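Chemist: Sequence:
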Amino acid sequence: MAKLAAAGSDSGNRSEDRSKWLEIALIFAIFFVFGGAPAPHVNETYYLTKAKHYWEADWCAGDPFLESADAHSVFYWCIGWLTGYFSLTTVAWIGRVVAWLLLAVAWQRLSSRVCPGRWRGVLTAMMFGAMLEHTTFAGEWVVGGVEGKCFAYAFVFFGLAALADRKWPAVWPWLGLASAFHVLVGAWSFVAASLVWITRSPAERPPLRQILPPVLLGAVLALPGLIPALLLTHGVDSDSIAQANTIYVFDRLPHHLAPLKLPHDELVGKAIRHEGLLLALVLLWLSCRRNMASHTAHGTHARNLERILCFAGWSAMFSASGLVWHALTWDRPVLAARVLKYYWFRLGDIAVPLAVCLAVGWLTHLLMAQRSRWAPLMMLLAVVLPGWQLLATSSQRYTDARPPADLGMRDTKSWQDACAWAQAATPPGSLFLVPRRAQSFNWNAHRPDLVTWKDVPQDATALLAWREQFFDVYYDTDETGRRLAFRSLATQGTERISKLAKKYDIDYVVTENFPTLQLPVAYINAHYTIYNTQESAL
Numbered sequence: 034m035a036k037l038a039a040a041g042s043d044s045g046n047r048s049e050d051r052s053k054w055l056e057i058a059l060i061f062a063i064f065f066v067f068g069g070a071p072a073p074h075v076n077e078t079y080y081l082t083k084a085k086h087y088w089e090a091d092w093c094a095g096d097p098f099l100e101s102a103d104a105h106s107v108f109y110w111c112i113g114w115l116t117g118y119f120s121l122t123t124v125a126w127i128g129r130v131v132a133w134l135l136l137a138v139a140w141q142r143l144s145s146r147v148c149p150g151r152w153r154g155v156l157t158a159m160m161f162g163a164m165l166e167h168t169t170f171a172g173e174w175v176v177g178g179v180e181g182k183c184f185a186y187a188f189v190f191f192g193l194a195a196l197a198d199r200k201w202p203a204v205w206p207w208l209g210l211a212s213a214f215h216v217l218v219g220a221w222s223f224v225a226a227s228l229v230w231i232t233r234s235p236a237e238r239p240p241l242r243q244i245l246p247p248v249l250l251g252a253v254l255a256l257p258g259l260i261p262a263l264l265l266t267h268g269v270d271s272d273s274i275a276q277a278n279t280i281y282v283f284d285r286l287p288h289h290l291a292p293l294k295l296p297h298d299e300l301v302g303k304a305i306r307h308e309g310l311l312l313a314l315v316l317l318w319l320s321c322r323r324n325m326a327s328h329t330a331h332g333t334h335a336r337n338l339e340r341i342l343c344f345a346g347w348s349a350m351f352s353a354s355g356l357v358w359h360a361l362t363w364d365r366p367v368l369a370a371r372v373l374k375y376y377w378f379r380l381g382d383i384a385v386p387l388a389v390c391l392a393v394g395w396l397t398h399l400l401m402a403q404r405s406r407w408a409p410l411m412m413l414l415a416v417v418l419p420g421w422q423l424l425a426t427s428s429q430r431y432t433d434a435r436p437p438a439d440l441g442m443r444d445t446k447s448w449q450d451a452c453a454w455a456q457a458a459t460p461p462g463s464l465f466l467v468p469r470r471a472q473s474f475n476w477n478a479h480r481p482d483l484v485t486w487k488d489v490p491q492d493a494t495a496l497l498a499w500r501e502q503f504f505d506v507y508y509d510t511d512e513t514g515r516r517l518a519f520r521s522l523a524t525q526g527t528e529r530i531s532k533l534a535k536k537y538d539i540d541y542v543v544t545e546n547f548p549t550l551q552l553p554v555a556y557i558n559a560h561y562t563i564y565n566t567q568e569s570a571l
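Each residue of the sequence shown is one higher than the last, beginning at 34 in our numbering.
Don't read these hints as lab results, they were simulated from the structure. Predicted model, so just to flag it, every value in this text is computed and none were measured. The C-beta atom is built at its ideal place from N, Cα and C for all residues, glycine as well. Keep in mind that a hint or two might mislead.
[Said to hold, decoys possible] Calculated cross-link-like contacts (lysine-lysine; reagent style PhoX-like; alpha-carbon spacing at most 25 Å):
| # | residue 1 | residue 2 |
| --- | --- | --- |
| 1 | K200 | K53 |
| 2 | K374 | K487 |
| 3 | K487 | K446 |
| 4 | K487 | K536 |
| 5 | K487 | K303 |
| 6 | K374 | K294 |
| 7 | K532 | K487 |
| 8 | K374 | K446 |
| 9 | K374 | K303 |
| 10 | K535 | K294 |
[Stated by the list, open to error] Each pair of labels, with its calculated beta carbon distance range:
| # | residue 1 | residue 2 | range |
| --- | --- | --- | --- |
| 11 | L264 | R47 | 43 to 53 Å |
| 12 | Q429 | L245 | 48 to 58 Å |
| 13 | T232 | F504 | 40 to 50 Å |
| 14 | A353 | K536 | 21 to 31 Å |
| 15 | R47 | I127 | 23 to 33 Å |
When you get a sec, could you build the whole thing from the sequences and use the hints?
Modeler: Now the structure itself:
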């Protein structure tokens, strides 16, 4: 009998393991749908070209952005070496698969701590992906093109699973690893988790002497991400740092760092959706607290969920603090930027929808266990609405197969053909002047370019140089001192382009076909012309 019982137990464990890995596979498939746009994605041209140049300094040598300070060394070490063996597109997909698999394992573990029963992780992952499409306030995301942030959030999810389980010694090492890959993602999570621990009752948290070693271990693990970030302003005078902060926050990334600067209609729309999510968080928190006193499994999962809700609450407080600071320093941009540059809205954009979808999964299971008449409706909404978003995203992938990084170009095929010619027919060290939205030029042409809108350096000195070059190349100044953007490089005229080429030692200019420039044409297709400025100088 004992052998039969043991055999039954082993069979049950194997069945449970199979179910878990099938659940992880389905979560991975969900992340694939939400993030599986053709490469390169918007941030992949930024991160992967930098990673390739980190390992191969001769690749695109002379590109000011690629030769600026490296802020994400751990990511470059983990991913960049692959670019020596595979194309950038292949490396992007390798990185995506690894990141999504890590995220799927972490999400399944986190969801299982809060939502009992099989397949709940699939349900919550669908809701999470859909919520990130519609409810973020400052444009944060988790699943998309591969970059350091994808791995950082996977480690945050592992840390939150430990937090939900009250396995406090495991929390901070996980968040330290997150900080190594992306210092701000990990650091804000580290602070929020610490505040959750501080606000727990003595019965719910171990004393400081027990968690101090893992906290210190987490801090040590974070150093590879923290040190490069600190070096971005090393040796730079305070005035230059202040100017760089202002450029970074208000000129380049207000949608992430200063959302009150968004156009009114966009700001109101985002605020309504995000505030609605915050209201849902509060209502679900109240429902959770009513069930915490239970000594059943529902009570255990409610207590686990409450810790996640508390983490999300602190994250929302960070966002609120950022808004208050921005409002108080509205007329003092230098002072405002000094604080806002630390991405106060980043964690709230992720933690609030994360907590809400986990709470909905928990509540759905509770209503079904109680045979509530609301259970079928709750389950229907939890499946149909995210499922509709999955179908909409899949349909969009099918009807528009352009890489997101190329969406700013007039015609994707013509643009890629022009880049292919540049790679095949020009010397490796040739410096190009390209359209300001041409963020994928390095990726497609394997040649350096002077400046684009997307490729903004992160160290103060290079950031100031980027701004000067950007406005010098793409803008003119009228008699009142107001900057006016040129529609394209071609509209600037031959004389101005020739002066820019001489000033910056440009070898080739890539622009739209019309109007034409009186420069030697090296290549032309249906939409783009490449001019050889060195021949014209001879």
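Chemist: For every hint, state whether the structure bears it out.
Modeler: Going down the list of hints, with the structure as the test:
1. A hinted pair counts as satisfied when its Cα atoms are at most 25 Å apart, and K200 with K53 qualifies at roughly 21 Å.
2. A threshold of 25 Å between alpha carbons decides the hint, and for K374 with K487 the separation of about 17 Å falls inside it, so the pair holds.
3. Between K487 and K446, the direct Cα distance comes to roughly 21 Å. Compliance with the 25 Å bound is thereby established for this hinted pair.
4. For the given pair, K487 sits about 22 Å from K536 by alpha-carbon distance, which is consistent with the 25 Å threshold.
5. Under the criterion of a C-alpha separation no larger than 25 Å, the hint pairing K487 with K303 is consistent with the structure, at around 23 Å.
6. Our distance criterion of 25 Å between C-alpha atoms is met by K374 and K294, whose separation comes to about 14 Å.
7. Distance restraint check for K532 and K487: the Cα-Cα separation of roughly 24 Å lies within the 25 Å cut-off, and the hinted pair is therefore satisfied.
8. With a CA separation close to 37 Å, the supplied pair K374 and K446 exceeds the 25 Å bound.
9. Of the pairs offered as hints, the one joining K374 and K303 holds, with about 20 Å between alpha carbons and a cut-off of 25 Å not exceeded.
10. Taking the CA atoms of K535 and K294, the gap is near 37 Å; set against the 25 Å cutoff, the hint is violated.
11. Roughly 50 Å separates the CB atoms of L264 and R47, a value that falls within the hinted 43 to 53 Å.
12. Checking the proposed 48 to 58 Å range against Q429 and L245 shows it holds: the Cβ atoms sit about 49 Å from each other.
13. Roughly 47 Å separates the CB atoms of T232 and F504, a value that falls within the hinted 40 to 50 Å.
14. Judged by the Cβ atoms, the range 21 to 31 Å given for A353 and K536 is violated: they are separated by roughly 46 Å.
15. Under the hint 23 to 33 Å, the C-beta atoms of R47 and I127, about 31 Å apart, fit the expected range.
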